[in-house]
Amino acid sequence: MTSAVPDIAGRVVRWQASHGRSTLPWQNTRDPYRVWLSEIMLQQTQVKTVLAYYDRFLQRFPDVQALAAASLDDVLGHWSGLGYYSRARNLHRCAQAVVQQHGGQFPRSAAQLQELPGIGRSTAAAIASFCWDERSAILDGNVKRVLTRALAFGGDLAQLAAERALWDKATQLLPEAAADMPRYTQGLMDLGATVCLSRQPSCLLCPLEPVCEARKRQEVDRYPVKTRKLKRTAQSLWLLRARSAEGEVFLEKRPTPGVWAGLYCLPVFDSRESLEQAMPARLRERLDDEPAFVHVLTHKDLHLHPVALTVEAAALKKLQGTWFGRAEWPALGLPTPVRRLLSEAG
DNA sequence: GTCCAGGATT
DNA sequence: AATCCTGGAC
Numbered sequence: 001m002t003s004a005v006p007d008i009a010g011r012v013v014r015w016q017a018s019h020g021r022s023t024l025p026w027q028n029t030r031d032p033y034r035v036w037l038s039e040i041m042l043q044q045t046q047v048k049t050v051l052a053y054y055d056r057f058l059q060r061f062p063d064v065q066a067l068a069a070a071s072l073d074d075v076l077g078h079w080s081g082l083g084y085y086s087r088a089r090n091l092h093r094c095a096q097a098v099v100q101q102h103g104g105q106f107p108r109s110a111a112q113l114q115e116l117p118g119i120g121r122s123t124a125a126a127i128a129s130f131c132w133d134e135r136s137a138i139l140d141g142n143v144k145r146v147l148t149r150a151l152a153f154g155g156d157l158a159q160l161a162a163e164r165a166l167w168d169k170a171t172q173l174l175p176e177a178a179a180d181m182p183r184y185t186q187g188l189m190d191l192g193a194t195v196c197l198s199r200q201p202s203c204l205l206c207p208l209e210p211v212c213e214a215r216k217r218q219e220v221d222r223y224p225v226k227t228r229k230l231k232r233t234a235q236s237l238w239l240l241r242a243r244s245a246e247g248e249v250f251l252e253k254r255p256t257p258g259v260w261a262g263l264y265c266l267p268v269f270d271s272r273e274s275l276e277q278a279m280p281a282r283l284r285e286r287l288d289d290e291p292a293f294v295h296v297l298t299h300k301d302l303h304l305h306p307v308a309l310t311v312e313a314a315a316l317k318k319l320q321g322t323w324f325g326r327a328e329w330p331a332l333g334l335p336t337p338v339r340r341l342l343s344e345a346g
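If you use UniProt numbering, the first sequence corresponds to residues 1 to 346, in order.
Any given hint could be a false lead.
[Stated by the list, open to error] Straight-line Cα separation of at most 27 Å, DSS-like style, residue types lysine-lysine; simulated pairs:
(1) K226 to K318
(2) K226 to K169
(3) K169 to K231
(4) K253 to K318
(5) K231 to K216
(6) K169 to K253
(7) K300 to K253
(8) K48 to K300
(9) K300 to K231
[Unchecked claim] Estimated spans, in silico, between C-beta atoms of each pair:
(10) A69 to R217: 51 to 57 Å
(11) L297 to D156: 23 to 29 Å
(12) D168 to V47: 25 to 31 Å
(13) E252 to P62: 29 to 35 Å
Note that these hints are calculated values from the structure, not bench results. Idealized CB from N, CA, C, for every residue including glycine.
Make a model of the complete structure from these sequences and hints.
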């Protein structure tokens, strides 16, 4: 044993067995469909949020064949509210690729999994290690935090070279025994989610505390190093909130790509003037401006201006879109702010 | 209210 | 390097 690294893997594996999570609905299975679905949902999304979606999604789409056979609208309807809707579009495409190109079986290596839509390097490694014990490293945001602290890795993760170097470190740290891979991978995720927190980490509860370089130097909060320039722009949008006398709502489908791609949405306009011009003159005086509110995306603040209007259904025949009744629209793929607006209206 | 965390695609 | 969403902490 000439390695300079301490036995991090063994510590993680033993800690996972005694203190890690073991009752989440996507654990205690090696079914790649269930593991894959959970990993996609958990991208950029916290466990608590996913818990509200996972079982319901599985009930509607119990296997990869059912998902592949479903319409994209149906899939987006069950994803509605989870955010980052390209994940749902890629999920659907991936299911179809598995059925059509792999005979309904997920390919059994991380390298092949990574060829599929929506599965990047880390997600591929997670699936392969959980389902088939493959010795392949994950490196999501939580794990980056654990590893950069344990190693006092000071490279700037905004730089490609540092990112590559950390992937190499993560690979070197893997347990030697393939059979330990599921527990090791789960342990790293658990540590990042429950102990090695971004703010106020619980170092006293951490199995890596005795070997953690950042802890040793009392510099835990300096890792990971990432110089990011999040420059958020602002944009105003006007939303036509039309209701018919029968209580139906008027929705249009969003184009792909773009914000809310593929989802149903109230008709969107760049200005109040363009909203007015899109409808018959006799209706313009009945427009009712409602309080604006801000909806935040990663890269822009959307200032949303709802404009209400009650009309007979035929009055908007110049606009693209469809009327949906109370029995229909709740099941559609809707962005959260639009769903909220519709709910408030009754 | 403000700030922040969190992968893959193009 | 830019794009894509929501929820939780403070």
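Hint check:
1. K226 to K318: violated (50 Å)
2. K226 to K169: The hint holds at about 17 Å.
3. K169 to K231: violated (31 Å)
4. K253 to K318: Judged against 27 Å, a Cα distance of about 15 Å means the pair holds.
5. K231 to K216: This hinted pair is violated, its Cα atoms lying about 35 Å apart.
6. K169 to K253: Answer violated: K169 to K253 is near 45 Å, above 27 Å.
7. K300 to K253: holds (21 Å)
8. K48 to K300: Roughly 25 Å separates the two Cα atoms, so the pair holds.
9. K300 to K231: Holds, at roughly 8 Å.
10. A69 to R217: 51 to 57 Å: This hint holds: roughly 55 Å between Cβ atoms.
11. L297 to D156: 23 to 29 Å: holds (25 Å)
12. D168 to V47: 25 to 31 Å: holds (29 Å)
13. E252 to P62: 29 to 35 Å: Holds, at about 32 Å.
In summary, the numbered hints that this structure violates are 1, 3, 5 and 6.
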